[in-house]
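4 protein chains.
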Amino acid sequence: MTELTGKIVLGPHRYGKAENRVVRIVRDTDRHTIRDLNVSSCLRGDFDAAHLDGDQSSVLPTDTQKQTIYSYAKEKGVEFVEEYGLALARHFVDDIEPVGAARIEIEEYAWERVVVDGVGHDHTWTRKGSEVRTAAITVQGTGSERKEWVIGGLKDLVILKSTGSEFRGFLTDPYTVLEPTTDRIMATSLEARWRFAGTDVDWDETYAGIRATLCEVFATLHSKALQQTLFEMGKAALERYPVLAEIRLSAPNKHHFTYDLERFGVENANEVFHADDRPYGLIQASVLREDAPDAGIAWEPYTGAV
Amino acid sequence: MTELTGKIVLGPHRYGKAENRVVRIVRDTDRHTIRDLNVSSCLRGDFDAAHLDGDQSSVLPTDTQKQTIYSYAKEKGVEFVEEYGLALARHFVDDIEPVGAARIEIEEYAWERVVVDGVGHDHTWTRKGSEVRTAAITVQGTGSERKEWVIGGLKDLVILKSTGSEFRGFLTDPYTVLEPTTDRIMATSLEARWRFAGTDVDWDETYAGIRATLCEVFATLHSKALQQTLFEMGKAALERYPVLAEIRLSAPNKHHFTYDLERFGVENANEVFHADDRPYGLIQASVLREDAPDAGIAWEPYTGAV
Amino acid sequence: MTELTGKIVLGPHRYGKAENRVVRIVRDTDRHTIRDLNVSSCLRGDFDAAHLDGDQSSVLPTDTQKQTIYSYAKEKGVEFVEEYGLALARHFVDDIEPVGAARIEIEEYAWERVVVDGVGHDHTWTRKGSEVRTAAITVQGTGSERKEWVIGGLKDLVILKSTGSEFRGFLTDPYTVLEPTTDRIMATSLEARWRFAGTDVDWDETYAGIRATLCEVFATLHSKALQQTLFEMGKAALERYPVLAEIRLSAPNKHHFTYDLERFGVENANEVFHADDRPYGLIQASVLREDAPDAGIAWEPYTGAV
Amino acid sequence: MTELTGKIVLGPHRYGKAENRVVRIVRDTDRHTIRDLNVSSCLRGDFDAAHLDGDQSSVLPTDTQKQTIYSYAKEKGVEFVEEYGLALARHFVDDIEPVGAARIEIEEYAWERVVVDGVGHDHTWTRKGSEVRTAAITVQGTGSERKEWVIGGLKDLVILKSTGSEFRGFLTDPYTVLEPTTDRIMATSLEARWRFAGTDVDWDETYAGIRATLCEVFATLHSKALQQTLFEMGKAALERYPVLAEIRLSAPNKHHFTYDLERFGVENANEVFHADDRPYGLIQASVLREDAPDAGIAWEPYTGAV
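Protein chains in written order, with the working numbering: chain A, 23 to 328; chain B, 23 to 328; chain C, 23 to 328; chain D, 23 to 328.
Don't read these hints as lab results, they were simulated from the structure. Watch out, some of these pointers could steer you wrong.
[Unchecked claim] Just a sample of chain A residues kept apart from chain D, beta carbon distances all over 10 Å, derived:
no.: 1; residue: Thr51
no.: 2; residue: Ile56
no.: 3; residue: Trp133
no.: 4; residue: Gly151
no.: 5; residue: Thr164
no.: 6; residue: Lys169
no.: 7; residue: Arg233
no.: 8; residue: Glu289
[Stated by the list, open to error] Here are the computed lysine-lysine pairs in the DSS-like style, where the Cα-Cα straight-line distance is at most 25 Å:
no.: 9; chain 1: D; residue 1: Lys276; chain 2: D; residue 2: Lys257
no.: 10; chain 1: C; residue 1: Lys276; chain 2: C; residue 2: Lys246
no.: 11; chain 1: A; residue 1: Lys276; chain 2: A; residue 2: Lys257
no.: 12; chain 1: D; residue 1: Lys96; chain 2: C; residue 2: Lys276
no.: 13; chain 1: B; residue 1: Lys257; chain 2: C; residue 2: Lys29
no.: 14; chain 1: D; residue 1: Lys169; chain 2: D; residue 2: Lys98
no.: 15; chain 1: B; residue 1: Lys276; chain 2: A; residue 2: Lys150
no.: 16; chain 1: D; residue 1: Lys276; chain 2: D; residue 2: Lys150
no.: 17; chain 1: D; residue 1: Lys177; chain 2: D; residue 2: Lys257
no.: 18; chain 1: C; residue 1: Lys150; chain 2: D; residue 2: Lys276
no.: 19; chain 1: D; residue 1: Lys177; chain 2: C; residue 2: Lys276
no.: 20; chain 1: D; residue 1: Lys246; chain 2: A; residue 2: Lys29
no.: 21; chain 1: B; residue 1: Lys276; chain 2: A; residue 2: Lys177
no.: 22; chain 1: A; residue 1: Lys257; chain 2: A; residue 2: Lys246
no.: 23; chain 1: B; residue 1: Lys177; chain 2: A; residue 2: Lys150
no.: 24; chain 1: C; residue 1: Lys177; chain 2: B; residue 2: Lys177
no.: 25; chain 1: C; residue 1: Lys276; chain 2: C; residue 2: Lys177
[Stated by the list, open to error] Going by beta-carbon spacing under 7 Å, a handful of chain A positions derived as facing chain B:
no.: 26; residue: Arg43
no.: 27; residue: Val45
no.: 28; residue: Val180
no.: 29; residue: Lys183
Built from N, CA and C at the ideal position, the CB exists for glycine as well.
From just these sequences and the hints, can you work out the full model?
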């Protein structure tokens, strides 16, 4: 048995306040707007004494981070969640001495106006879609060492095509019993995250455009496999938005099995399917620009939600 | 201690196959349509011997019910989920001898076409909204004893208004510390179920109309309390649709607390809220027509999902 | 199309505060005890004006109910959750004028002491099991009209036997493709609820005894079907506890399919299974005493959790 | 706006079959044993053509991976989940030509025997606890390039102490309103993952010992902060098990707020708490040996579950 004898030391560590459910209403006129957010803060820095000696003198309480998150929703506003996240992250790095880097993770839930007499209502909405917009903003260092990364994204975008997808010509071994197919349902619950090359971005327009691009390619590309579809989706997003350095896609292959009805004398020409829960294929791919700037700690997750 | 000595006997019982995830694609032309369902069957009847003696000779396996559910999606189609449910329930009562009554519970998940070049795509969709359309179809007895009930509904319809809601003038006791308010966020995740007076209904049009009516009243009624809003929502639905006998509404009061920012010198005129998870108020009300036909066993739930 | 013309009126209604997460520590000595509860209150009574006119003068706020729930955890204690629930329900009926009936639903999460040097620690616990103990206490009316019902129970008790279960000799029809079996895994996530004949009960001892009885019968009865097993489980509980009037059991048949390994030349004599998610059989049965007192509104659910 | 012009290329990618729900019964004698697993496979290698051209000739279907996972549960057995995972990962790397590295992620759900007449039953169990044992096995390269890493762990271990925890002396800023405390509830839902220095390990004994060590330190250390507790927990595990190279801990601070009952004239000396859902503090720390071997790709997550 391999046994180690080296000194035991504190490794990387960080802390913050997760899942602050901030709802921001702008009511300057009778036509209100809403931003519905789940915000998490995460601080790195010199907190060794808290771990080694229980000394809290360098530890800004997570409760304080919470207060700041809610207060900044008014002080700075949340016109764009990415700007709001940048303001928070910069504050923690610049104003709280022991903090070396801060990460703000945001989930945004979309709402759409209730239609009354054909018009969107001023101050009533229903939740729109199951999908969640995400952002992860990381700020590190001060002065000439300052680095800032913004990752945008979405998750839980459930998308399905009922034809235009095949899977055949694959590698086989003694455990291979799958039949090749030239026509199947392809469905996934997409998670996509894209890293911006900078922070001077038309945030909402870019989000809408990337989402539309991903859906369009999924719809129109005749798919030989989910891998191919994901690559083409990511490539199209980068081609359309030079402000993107890279995009990462994670896609469970939500299997829809053609139900065997022949035994009952019923024809089933890809009309009736069983939507299975588990197991599922899980495909992950990234698409990059060769001149993408260094990602640093931008991709290191915190809550797992973003 | 109260002790009973009576004979121990079998009470009410039933069984079925829950949560069959049926996806039905109609592909008669290049423009496909999709119905995405979660279907449960439930049979009542003379199954005493199965319980008392383990004798299965009267028990149609739940696996057989599953096969029927999938096969009927092609044999009968699912143009309207209520008709599909009626066909299934009638089959079990009419064709399987020991069955005295059958209940079919259906959840339907909505999809919307992906837009490509401004046009909805032929065979690609994304999941639309978090809300679920529901139906519970019950068929009991044969011949002159035949009764049929259809309950339609929705759940997980998350709706919020940022003003136009107050709560004051309430009863107080020594545990009352709540401050009255004349302006608050009112939000809920609505569950509504409506019972039809018959089975000759324009199912999809009625569903869309009731949903729109519920949302409109929620939006436009100045609310003195969630109770009042629910009653007026239900009343409006019944007024607009004489085919409805009654409607039942269950609405968690999803509390949004105005965040205290004054301690930081920041004004918060109902602009920043904390969306709390638990506890929540839970309001349940029903609205009836006085000439509503008898509901029989129509409201007895099975899976709890409908 | 059937159309109704009757007057539209308010039907049954009720309201309360759901899911108050009360944790009660008794720390009179160094050896602490913990009760970890999820408590919901539900009031019925004359609240018509709140629905019809928005008049809150008879409405005790759900916030007040919350305060009472937390305060009673100290004032009355929670030595037994059923007694605590009775105290709360009696209070609402007796002390709040418009209240005609009150229901308290409780989920309790079990904890077990962390073992240190072979001994249970004084004030540290880990959560024990996935199962949840439940109680639903209903109090209705005052004086000679007073009625009280207590329902105990459990849910999410996942139990499995790897042999001693068969399913054969069942009814068949053209959709029946299931093969009979004389040896299968039988597994469920049990929900059981039992109604007491009175309120003078040794609550915790009875709970432990019923739970043990249910598990024992599941283990030792050679099962010809889940229906038979459920009936015998319920019957045994009633036989052992004369204080019970009836018991209701709901059991999803969590299917474990023997995996086909023969195609790979590997024998699988009921050794490797796929645990499927959906669909699942769902069996519901009740066992009664013939002299069971009237259940009144005891079984009418509120949150759906109990 | 920063715009990039570099060539767009495929970045890191991988794929597999997630969440195979394998249940393995050993029934060589009347006393059966059970292993209840959720197994995911993940392959890396030269799959560029599948992404760039839709060419599947190097792609072993995820369905094949599923078949292998189930078959190996019999062929190799699952006496220890880590050995089973190693066998699977080695197979994919050694026997499937395009595969450069394989990762197997496993969740294991614990069961305990039902007690009948004071004895554990031969073939009936109930699910034990909410916690999940985890393993992530990674195998990379062949021949002299071969590397193997095993990470063990647990998650969803909910642990609480009702005293012996303080939080004071922390850093303050204008947003700090938290009061220091010398006595509070400390509770978390622990996730811990530990990396082994080798693969010659007494797997089950080590798991039980680490789990016990983590719980003991949580219980017995007077805590000045969750950070301190986590570090001491990890340090104790490494001290006791020289076979460990490092341990990573992630702990949500599940806040229990002392409920304000004074306004009702009721004393509350840390006896009644509200268990809040969100937000929560989230503390993450690692403890390392200075001579820990290189971790390579061992920590790169796949499903997010491990």
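### Query
Any hints this thing doesn't respect? Which numbers, in order?
none
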